[in-house]
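Chemist: Each chain, written out:
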Amino acid sequence: MGSYEPLASMEPFREVLRDPDAIARQWKARGGKVVGCRCIFVPEEIIHAAGMLPYPLYGTAEPVRLADSYFQPCTCEFVRNLFDSAMGGRYSFLDGLVFANTCDAIRRLWDMWEAYVDGAPSYMINNPQKLRSEVNRDYCLEELRRFRTWVELISGSPITDEALGESIELFDRTRGLLGEVASLRKQDPPLITGAEALEAGMAVTLMPRDRAGELLARLLEEAGSRKVEEAYGPRILVTGSILDDPALVRMIEEEGGLVVADDLCTSAKAYRHLVGAEGDPMARLYEHLNRRPLCACMHPMEARFEYLDDLVREYDVEALIDYNLKYCHPFLYEAPLLRKHFEALDVPVNVLEIGHDMSGHGQLRTRVQAFLEMLET
Amino acid sequence: MTADSTIPEIPLPDLKVVEEMQMGIVTGLAEIQKEKAAGTPVVWCSVLTPKEILNSMDVPCVYGNVLGAYASIFGSSGKYCQVAEDDGLSRDVCSVNRCQVGVALCDDRDAFFENAFVVPDLAIGSNFPCTSESKAFLHVAARYNCPYYVIDTPINTWGRDIPDHAVEYCARELEGMIRFLEKHGFKFDMDRLKQEVAFTRALNTVMGEIEVLKRAIPMPMRAFDTVIAMTAPLALAREARKLGLFERLRDELRGRVERGYGVVENERLRLMWVGLPPLYDFTLLNYPEKHGAVIPKSMLEFLVGFTMDPDLMDPDRPLESIARAQLASPANPAYASAVEYFVRAARDYRVDGVVGVVMRSCGLVPGLQRLAKEAIQDATGVPVAILDLDGADQRDYDPGSIKAHLDSFIETLLARKDG
Numbered sequence: 001m002g003s004y005e006p007l008a009s010m011e012p013f014r015e016v017l018r019d020p021d022a023i024a025r026q027w028k029a030r031g032g033k034v035v036g037c038r039c040i041f042v043p044e045e046i047i048h049a050a051g052m053l054p055y056p057l058y059g060t061a062e063p064v065r066l067a068d069s070y071f072q073p074c075t076c077e078f079v080r081n082l083f084d085s086a087m088g089g090r091y092s093f094l095d096g097l098v099f100a101n102t103c104d105a106i107r108r109l110w111d112m113w114e115a116y117v118d119g120a121p122s123y124m125i126n127n128p129q130k131l132r133s134e135v136n137r138d139y140c141l142e143e144l145r146r147f148r149t150w151v152e153l154i155s156g157s158p159i160t161d162e163a164l165g166e167s168i169e170l171f172d173r174t175r176g177l178l179g180e181v182a183s184l185r186k187q188d189p190p191l192i193t194g195a196e197a198l199e200a201g202m203a204v205t206l207m208p209r210d211r212a213g214e215l216l217a218r219l220l221e222e223a224g225s226r227k228v229e230e231a232y233g234p235r236i237l238v239t240g241s242i243l244d245d246p247a248l249v250r251m252i253e254e255e256g257g258l259v260v261a262d263d264l265c266t267s268a269k270a271y272r273h274l275v276g277a278e279g280d281p282m283a284r285l286y287e288h289l290n291r292r293p294l295c296a297c298m299h300p301m302e303a304r305f306e307y308l309d310d311l312v313r314e315y316d317v318e319a320l321i322d323y324n325l326k327y328c329h330p331f332l333y334e335a336p337l338l339r340k341h342f343e344a345l346d347v348p349v350n351v352l353e354i355g356h357d358m359s360g361h362g363q364l365r366t367r368v369q370a371f372l373e374m375l376e377t
Numbered sequence: 001m002t003a004d005s006t007i008p009e010i011p012l013p014d015l016k017v018v019e020e021m022q023m024g025i026v027t028g029l030a031e032i033q034k035e036k037a038a039g040t041p042v043v044w045c046s047v048l049t050p051k052e053i054l055n056s057m058d059v060p061c062v063y064g065n066v067l068g069a070y071a072s073i074f075g076s077s078g079k080y081c082q083v084a085e086d087d088g089l090s091r092d093v094c095s096v097n098r099c100q101v102g103v104a105l106c107d108d109r110d111a112f113f114e115n116a117f118v119v120p121d122l123a124i125g126s127n128f129p130c131t132s133e134s135k136a137f138l139h140v141a142a143r144y145n146c147p148y149y150v151i152d153t154p155i156n157t158w159g160r161d162i163p164d165h166a167v168e169y170c171a172r173e174l175e176g177m178i179r180f181l182e183k184h185g186f187k188f189d190m191d192r193l194k195q196e197v198a199f200t201r202a203l204n205t206v207m208g209e210i211e212v213l214k215r216a217i218p219m220p221m222r223a224f225d226t227v228i229a230m231t232a233p234l235a236l237a238r239e240a241r242k243l244g245l246f247e248r249l250r251d252e253l254r255g256r257v258e259r260g261y262g263v264v265e266n267e268r269l270r271l272m273w274v275g276l277p278p279l280y281d282f283t284l285l286n287y288p289e290k291h292g293a294v295i296p297k298s299m300l301e302f303l304v305g306f307t308m309d310p311d312l313m314d315p316d317r318p319l320e321s322i323a324r325a326q327l328a329s330p331a332n333p334a335y336a337s338a339v340e341y342f343v344r345a346a347r348d349y350r351v352d353g354v355v356g357v358v359m360r361s362c363g364l365v366p367g368l369q370r371l372a373k374e375a376i377q378d379a380t381g382v383p384v385a386i387l388d389l390d391g392a393d394q395r396d397y398d399p400g401s402i403k404a405h406l407d408s409f410i411e412t413l414l415a416r417k418d419g
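So the sequences go chain by chain: P and S. Read in order, the letters of the first sequence are residues 1 to 377 in our numbering. Read in order, the letters of the second sequence are residues 1 to 419 in our numbering.
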């Protein structure tokens, strides 16, 4: 990949990822409430507007133990990992937990959580799965209103439109800054690595957004003037299932790829668009949900591919790595079609199907190496 | 087309009327080919696509996953799964749909598809009841360059009190399906849709009566016959798609019940089958009979929807009725209504044990089995055994070990029953 001098401004983000629950625990210790969320389709602004900390659930690299007594091993490994953590008590500090309606496995996780995990109440936002549509407007808005009411119950106080507007503004500011960080990857050579961008993107979601804004501003300043002595290798876009560990991106970069763009819900997909400042805040949240980049859980698939086409153009991408978690059905269904779509455009695609715990790490590295070598010839 | 590979043993229906239904299914497939030859577009759709809309618009439709099921029933699941996997589809996704995709992609289909396969002109999928039912059709649409419509059906997070905004959204999605079909040459007539909804209401009433008769001890209908009868309304030829066959089935069962006739001579045990039976080995459904055990209830009955409460179908509000039925269905993926259905069935059918099957490639059932097992055991005390058994991909099937598991479960239940 070349030589990238370490960025001091990355350290606070890495600190957060080393103990992802620390900020939430501190928040609780100060008397605040924390609401767990799974999926970027959860409008975290509503939780924030109620004075609570949205806390995205990420998995661990630990092998699954307890969850395998509840889910058969052919269930999404990420979901089993989260449930394992829940059964082990990791999330006992939560005051509430919210899922978005994305895939069969998440829906079943919600069922199982309701049935077996003691503690905080959970909620499923019944968002439409077919987006880019006007037909879903009234339905989706009503579901968002119902979610807002649930959040008010958990927090114990009403959410004013004014507070919601302020939260949207704050979250948009962070999205804008993360977008600027992502833009540093458009350059040749990119001024920030893919692993760094993913680390920063994930860490931001775990911290209060005002604090995140300060750290991102510092990162932008330092990375913007970074001197990259040498950077070479094919410009790669990583797409696929939830990736909550930068290890894969780091591996691609160690093997010589430049991960200049990603379409991951733990990274760029979360901040690609702003909610915006004009109009009724609930309507804005709906519009944002309806037009945001789609994952394979949603429809139509063409909108996902068009978005990827845009990223390929914007970031001057030479090849894609399509990362699929074992048993992640939505992405596994789309993987062959995605490969055909991009191969027709002369953009090579390497489809990976791997475990959440990165099992088979050595084999994976060999596959990545072979792909990158193939690109270089 | 190539010669058939070795076709596995498929049980013969026990009831004459069920045999007629089986013939009607074959004729129905041939009819679709004729319509295609006459220039009518053919739609591939998922099995829970509202048949009332399709029938009311005279849409010749092939249930894609039924084609996948045929590949398995005729012993060729390995071949068709392999075709799909060679194209890049993961072995971990639904095997019924992998077979479907394989059938769609294959250039060398077996002879048994001669009367069943029709090239699609349109595709309709749905996320009800699962991801596979919408995503698999992307491959079909891509292969044949078909316009594709997806029905977005919300999951039921509301329980019994399904709110109006959900019914309205679901109904609008169905309107979208109608507009999609109109755009491609089919005509919509509201009165005909009302007639179809009225028909479903009448059919579900008869099916409900059949279900009640199946509760009788001794059990009057073999498990394999139930599979045919419950799926028949989907695929029968248009002429046969009337109430007559089902009324005759009901009457025949009633006669059996009145005579005290049971399908096994000395019925000793009653089982419920939760999960997909292995399509490549339907003999397994009748296998427990050697122990004097019968299967009066299986999950297929609620999956296809013909045992739903007939009162949900109001011909004066056709789209709203269909939408409400989809949201209230036990097949809707939120677990509560499915588990409630299993518990009620365990009681109603007076079962002594439940066989839960986890299809290795299913995204929906794993996890549900644990919830169902505990709910059934807590509410009724009926033991539940969970078997790891894929419903359509027979490559890892080990009949000896599955039968041994069934034997030991049944023997344990018999010992328990005999005290």
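The reader is advised that the hints may include incorrect statements.
[Unchecked claim] Derived contacts from chain P toward chain S, CB cut-off under 8 Å, selection only: (1) R107; (2) K130; (3) E230; (4) Y232; (5) K326; (6) A335; (7) N350; (8) M358.
In case anyone wonders, no lab produced these hints; they're calculated from the structure. Even glycine gets a Cβ: it sits at the ideal position worked out from N, Cα and C.
Chemist: State for each hint whether it applies.
Modeler: Hint by hint, here is what the structure shows:
1. R107: Holds, about 5 Å.
2. K130: Holds, because the Cβ-Cβ distance from K130(P) to chain S comes to roughly 4 Å (cut-off 8 Å).
3. E230: 36 Å, violated
4. Y232: Result: violated, 30 Å to nearest chain S Cβ.
5. K326: 6 Å, holds
6. A335: 6 Å, holds
7. N350: This hint is violated: N350(P) lies away from chain S, its Cβ roughly 12 Å from the closest one there, beyond 8 Å.
8. M358: 17 Å, violated
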